[in-house]
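Given the structure of chain A, go ahead and fit chain B onto it with the hints provided.
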Amino acid sequence: MNVYTSLPVYTGDVSGVCSALYELGGMIVIHDPSGCNSTYNTHDEIRWYDHPSLIFISGLKESDAIMGNDQKFIDDIIASANDLQPRFIVLVNSPVPYINGTDMEAICHQVSEKTGIPTFYVPTNALHDYAHGISLAFTSLAKAFTFKRGEKIPHSLNILGVTPLDYTSATCVSSMKQVLSAFKVVSVWAKEASLEELEKSLLAQVNLVVSSSGLALAKYLYKNYGMPYVIGVPLEALQETITTLLEKAIATGENQSIINSIHGDKKVTLIGEPILAHSLGTVLTRDYALDYRVLCDLEDHKGLLRKEDLACHDEKHMQAYLQDSPYVIADPLYRKIVSTKLITLPHLAMSGRLFLKDIEDVITMKVGGMCDEFK
Amino acid sequence: MEKIALSIGEASYPEPFSIGLEYNPPVHVTWNIVHIGMQVPDSMQVYICATNCMRGVIMTAYEMGAEDRFACITLEESDILRGDMEKQIIDGVSESIRRYDKPLKAVIVFPVCIHKVLSTDLNYVYKTLRARFPDLIFMEAYMDPLSQKEGLPPDQRLRAVMYDGVQPLKCDGGVNLLGSEVVHDRYSDLCDLIKNRPLRQLQGMRYSDYLQLGASTLNICTYSGGDYGIQALSKRLNQDYLYLSSSFDYEEIDQQRTLLCERLGISAPEGEKEACEEALAALKGLLQDIEIVIDYVGITRPLSLARLLLDHGFHVTQVYLDTIFTEEKKDFDYLQAHYPHLTLLPTIHSHMRVYQNKDPDVLAIGPKAAYFRKTPHFVNMIENGGLWGYKGILGLCELMKEAYLEEKDPAVIVPRKGLGCECVL
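Respectively, the protein sequence lines represent chains A and B. One gets the working numbering by counting positions in the first sequence from 1 and adding 7 to each. One gets the working numbering by counting positions in the second sequence from 1 and adding 30 to each.
One chain only, chain A, in its complex shape:
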């Protein structure tokens, strides 16, 4: 249990799944009475108005939940799927069917059998954050896939962990590709990418993990297919660094990371998604001689924080941690717990559409411009 009186919660896991799979031509069904879809498409999905995606809720009723009537759910999915003919079907869970122990895997099996459409379950329960949901979505999709096999494409990579929740600007993907122009980008999980492109992922030599949401998939592909990965964001200012790490990973088959072992410093604290925070911090260290530390209140941070960094959900604890940091780089909503200088970096998964107009392309953003204060 956690009490929040100064901060909102991050986007939830169910929304994370929807965001991750939005553009792939599937039908996503949230087994939920109401609200999940509205919350997601109001605050966390900037594509909803203009780019249709087949995301629905089951409209679960109390009597069906209590009596265990899964048949209506199954029939409704089949009816819509037969009419709308999605590429695949994904079932997503919410608290009540999670507590009831609804057998979602069995339902997937039945739906798949009746429709002939690949159907799989992403085991959310609405109790986790978006990054966790995206991780589950990507790994579930990868497990459900039959990947295309063949010769590796020379100097090629996949980018893992791209959704509008972390990379909101419409130009982010093209900017990443521009920075990585020395490589062939086989797939981007999962923005401006097709299912066919994702199915070719094994043809790439290396994976580039640009958010914590992509790390579980990277580990899965490393473990099962021996693909090495690099952790880091291809910021324009980090082109050379990221290129070097990618080439090293391709050459050695060993995983690489932008997160270095240099001790952090409290002068600048970056709050938010840890891989982006470390990437920005790396620029600060290299170009401005400013060591940094990371405060992460997302769940999936294992291996992404150093000992000076902090993983924390408790806003009182966070407030105390930030007190001795003269500069904080974070979403504007952190203002309430920051008593020192806050340099704002809006994050859709935190502040939703409140500062949408102010969100820049973080790949091409002048990190130095953000740090004029430090000069």
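Hints are supplied without guarantee of correctness; some may be wrong.
[Stated by the list, open to error] With a cut-off of at most 30 Å between alpha-carbon atoms, the simulated DSS-like pairs for lysine-lysine come out as follows: (1) A:K314 with A:K255; (2) B:K438 with B:K314; (3) B:K132 with A:K348; (4) A:K364 with B:K438; (5) B:K135 with A:K343.
None of these hints come from the bench; they were simulated from the model. As the structure is a computational prediction, the values presented were derived from the model and not from experiment.
Chain B alone, transformed into the frame defined by chain A:
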């Protein structure tokens, strides 16, 4: 593919559509429980739920600039399994109150579906909280959409408990107009008819004004979603109650005006029927045969309005609704008999996700109709927008004229939450 649009002639009452999986269109102008609860002065809201469920309500509070009056208690798996949910709620709500630094009279507590499924002892929770904070009023709300199709939806329950701070006062003959999120003023006959008595509406009240609701003799509700709550208030305070439906039918309007005037002890003045006829004729002259579509979000009696407009020669083609309300049965029967080709369309059916009917030459009355037809000509309104009676018809004619003459972008307007509420976007 299943046929989605029905002619009213072939539709059945009250559920014309078989709705399975549900789509949520990007139209968010209606008020949700956060907006509604914020109308209680000097109150805070505390929600106890899963992160994903919390996100929608907390961001609503932020978008209306009221996050300071909001607290979240998020749950994890271990919290659900631990078996002490009552203690967790009590501790979480207590901590939220301790951190609150504004004047506070009432705490609106929102447990959720999880607590229902776990059979959390909420009586014990409230008893303990009331003993711990005797100066505060604890309002027993619920965010349990699980029950909304077979019981009381969360908004209707909230409209009942949000007056728990009001106690009977010495009667001053006032009238409370409650149960809806819109203000009645120049486009409502009710304001004219009640002009000699204090007329109390909830919006923008201070706590002292809120308490004064207990001095009124009569409660009026014009919105079916508020009927349960205002009836409950009336019963508790022993106040008279009237449900005055927002009809567009002259005869029904007259009947309701007469009913109200009897309760007020005044003779019913003549309604502005002739003015309405003139306004409708002038509007028809302007619009000619332009296609008109109506939705249930903007208009609480969409079939009643369709009937009025069709009877006056307007080219109404579509009504967007998911169910036909009981109070619309007569209008439904009339339209079936006289205008069987009028089309009914659902708003939440999964096929509406791919329904495309872009047409800038349509006049939409209501935000969902505007979205589905992607028209820049629309009346943006919820819950009838305070239109009631003859003045309501006159007001609607003005709004339709304005919508016809001036374009606005639905993509910018209809995704905004809580029309008429504070919005910081």
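Which constraints among the numbered hints does this structure fail? Numbers only, ascending.
none
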